[in-house]
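Chains as they are written, first to last, in our numbering: chain Z, 4 to 283; chain W, 32 to 315; chain E, 21 to 354.
For the record, the hints were derived by calculation from the structure and aren't laboratory data. Misleading hints may appear alongside valid ones.
[Stated by the list, open to error] Residues from chain Z that keep clear of chain E, each with C-beta distances beyond 12 Å, as calculated:
| id | residue |
| --- | --- |
| 1 | 34 |
| 2 | 64 |
| 3 | 69 |
| 4 | 76 |
| 5 | 91 |
| 6 | 127 |
| 7 | 139 |
| 8 | 217 |
| 9 | 222 |
[Claimed, not checked] Between beta-carbon pairs, the in silico distance windows are:
| id | chain 1 | residue 1 | chain 2 | residue 2 | range |
| --- | --- | --- | --- | --- | --- |
| 10 | E | 83 | W | 72 | 37 to 43 Å |
| 11 | Z | 145 | E | 331 | 26 to 32 Å |
| 12 | Z | 19 | W | 55 | 53 to 59 Å |
| 13 | W | 160 | Z | 135 | 54 to 60 Å |
| 14 | W | 152 | Z | 77 | 56 to 62 Å |
| 15 | W | 42 | Z | 31 | 49 to 55 Å |
| 16 | Z | 77 | W | 119 | 50 to 56 Å |
Ideal Cβ positions, reconstructed from N, Cα and C, are used throughout, including at glycine.
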Amino acid sequence: MTTNLPLLEVKDLIVHHRSRGRAIEAVDRVSFSVHRGETVGLIGESGSGKSTLARTILGLLSPVSGQICFDGVDVTRRRRSSWMSPPSTVRRRMQMVFQDPLNALNPRSTIGRIIEEPMLVHGIKPASERRRKVTDLLSKVGLPSKAQFLYPHQFSGGQRQRINIARALALRPELIVCDEPVSALDLSIQAQVLNLLADLQIEFHLSYLFISHDISVVRHLADRVIVMYLGRIVEEGPVDILWGSARHPYTQALLATVPGDARARKHAEPFLCADQNSPW
Amino acid sequence: MVEMRADGFWRQYSRNKLAVFGLGIVAGVVIGTLCAPLIRPGDPLAVVGYPFEWPGHDPRFPLGTDLLGRDLLSEMLHGAGHSLAIGISVALGASLAGGLIGLVAGYYRGWTDAILMRLAEIFQAVPGFLLVIIIVALFSPSFVTIGAAIVAVSWPSIARLVRAETMRLRSSDFVAACATFGMSDPRILLTQILPNCLPPLIVTTSVMTASGILIEAGLSFIGLGDPAALSWGTMLATGREALYNGWYMSAFPGVAIVVTVIGINLVGEGLNDAFNPRRQRRGG
Amino acid sequence: MTAGISDSILEATDIRIGIGGALPLQIVRGVSFSLMPGKTLALVGESGSGKSLMALALLRLLPPPLSILHGTIRFGDIDVTRLGTAALRQLRGAGIAMVFQEPLSALNPVMSIGRQLAEAVRVHQRLSRNALRRRVLELLDLVRLPNAVRQIDNFPHRLSGGMRQRVLIAMALAGRPRVLIADEPTTALDATVQMEILDMLAELQREFGLAVLLISHDLGLVADYADGVAVMYAGSIIEAGTAAHVLSRPAHPYTRGLLGARPPLRPASMPDTGKRVRLVEIPGTVPEPGHAPFGCAFAPRCPHTIESCREAPPPQALIGDGHVASCIRVGEKA
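Based on the sequences and whatever the hints tell you, model everything.
Okay, structure coming up:
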């Protein structure tokens, strides 16, 4: 039934990346895997290499050495569309949700166009079918169908992130890499988007590589976690690590920074999550 | 905050009263050009009256006649078209050439960028007007050579502008998103990057129209204009001969050029403000 | 929180901020609070709540066309709202100082940090070159910047985010202020650095008896560092009290929603399915600044709304010792 072959496997990946004026983010022999249906949380602060890793996995950057395998196939070097051929199929099955919701949307395109774009590149016809999918996706992320005629600047941050998610779902991918998807959002909106991601995972049978610097968010969502520091994985294991059984000193330092008065929360909780059906 | 885009744009534009005024001037010139055959049918270069008629003397010629007895009003109206035509075609030509080069240089970087930018620098090294004179003098003056010469000196600044915008946009997440699902580079350039370069490009293009008109007038004034054409510039050239006792012959085309150029520049500023609304109403 | 007015070092009374004129627009709709010396008051809210505008207003730094439409701000016994330009300039930095969120954009990229600090000192004191240098080193030492002597000549881009923020705090302290306004001082920093900076701030507070107004969207952070908490929504304070009270016994539905939106501090799973608990969502979005709905601004999103909620803005109800909340249903059993 479920094969034990990991959906995504990264082996000994080394990536060099320079950004002018900014710290060098490099990936230094990273290996890990993501299995079907699971959420792997990747924790790292700035300079850890997490974003470089994400972009390399998605084929935006080329590694110096190492291998990326998707569903058993080596996709380290994969094709974008050209004159002769459509893009390689892995580009349908793996997608990304970016951190800054506004920056990830073309300010001069309508929402409908933005969500349709992946379908156009992969030759999904006819136009009516694409439009139907756009409306369907919008409703799945909780936006009205008329949103497709509007422009990004007419939406709030949380709504824009939903649009990003809708676009990521357009080609029915199997793996979605979420690069700090809620870091730029207000707290109450974060909850909306995180709940949405959790719901969509069930509905669409998705696997997530969830990247964040926020431990509380990662340990809420992830099944397994990886902690990165200066380009290397320093700790790896089931999410229990983040609930107190961390061994590496860096992970422990990160855990110590989780703010929150535990005593205060304990008092608050009976008010809050007592009954899932009633509002707070 | 749901508003139709075009509607909102006009509202933004019309906040700037001067910009609306400029638009009025430009509209006036265009209407004058279009109505020329109606108001003054016939050949504007035909001799129709006594030479050196001052404006107001003869009710048939409200603007007077030039030193050959040609109707100045007719010349002004018909000449407007030529000046505008040069301005617009030069602006479009430079935008096309500069825009394409800028896009390619800014997106692909590396050697392509280096070579293209050195090319731009070569064209920018020689003072613009001088280069135009040289080109036009080498290949005898005509609409095409004059137009090409002006484009040759104008494209580098547009290329740089588009290149800068392209480099900025290239690192945006929405471009990365398109690459993620496999969009090809040319398609990204055309559908993602170009539309976002348009606002500054449009503004620069409109201003370039004005400079095209000015350069053509300057060329004509020094005698390097298209001898077969009638434009405000050639009128200036002719009027030069009669500056002492018939200065009105130069005044009319001169003032017309100045007013039109101001009008176009005001439109350019208005477009700029409309594309980048500076007043922020939201608070933190 | 509502101790005698004469005790507070900074007091805001019914501040309304917005755009006046023919079509008035109110973004901050009547905010009052008092800040006690040596204490930290946290102003908590999401974007669109008006908290940053409130901070700018305290130093009369509102960008036009925004202005203080109503209300008074008292610093000690000075009425800040009526101060003239010269007196304001003296107040800024020496009485009340501010630290902003983005260290890189708050620092001049082409000036060494030593020079920038020196400029900050010079605004308030005339010192000889040597005395100036000593004072700069003293300030850098206060904020525990390592290798201060060598860092003086460094430019901002060579420093890490945390170090830059320390420099900014040093600049804020240069005039020996009594009040420090910190607008999201650690949001742009890594988690490990955030704690260091806030701990340092707390120490400086103890050492100098500084009053700190901490503006943040992060309730968890606030729990660890604030004495008092005021929660802002759509331009008004909807709940205020001591940090312990507000965070452990939140009375206003919005505060509860915010607290519930944070991922839990203990592993939590639903009893029947064992799947992860859903985070508490507040449906809808924050109203556009200046366009709060009539009556209670939170009513459209609140699960406990009744008719009377929309009829008039709810008055502040006293719940406990200094704990207030603007909700008409706050006394009822849920």
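Item checked: Unsatisfied constraints (hint numbers, rising) -> 8, 9, 10 and 14
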